[in-house]
Amino acid sequence: SKDGKGFGFDEVMTLELERLDARYARVVVGVAIQQRTEDRTFADVAHPGLRIREGYTDLATEDFGGVRGATAATVAEFVRDET
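Following our numbering, the numbering of the sequence shown begins with 5 at its first residue and continues without gaps.
Note that these hints are calculated values from the structure, not bench results. Hints are supplied without guarantee of correctness; some may be wrong.
Derived DEER-like restraints, expressed as beta-carbon distance ranges [as the list claims (entries may be wrong)]:
hint, residue 1, residue 2, range
1, 45, 85, 29 to 37 Å
2, 50, 84, 35 to 43 Å
3, 73, 26, 36 to 44 Å
4, 70, 23, 14 to 22 Å
Beta carbons are placed, not taken as given, at the ideal position from N, Cα and C, and that holds for glycine.
Starting from the given sequences, assemble the full structure and let the hints guide the process.
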């Protein structure tokens, strides 16, 4: 929901890590607020949040409370097993 009042998420990203070439051992995922004419931070966004899932299992949830004054944040890091 773009206004934070409805159900669901404004933006969704799907990562198919199993399709990633073996040369890549690490993937870092970040979120950035697109600036308009004025600076916007996570505090300016109604109900900011994220959920990282594998299938139906929640791996992480976040409300950006720790970075409310930021315009961007690293939200996940996936590292390939060495085996």
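Taking the hints in turn, this is what the structure says about them:
1. 45 x 85: 29 to 37 Å: Since residue 45 and residue 85 have Cβ atoms about 36 Å apart, the given range 29 to 37 Å holds.
2. 50 x 84: 35 to 43 Å: holds (36 Å)
3. 73 x 26: 36 to 44 Å: holds (39 Å)
4. 70 x 23: 14 to 22 Å: With Cβ atoms ~32 Å apart, the hint is violated.
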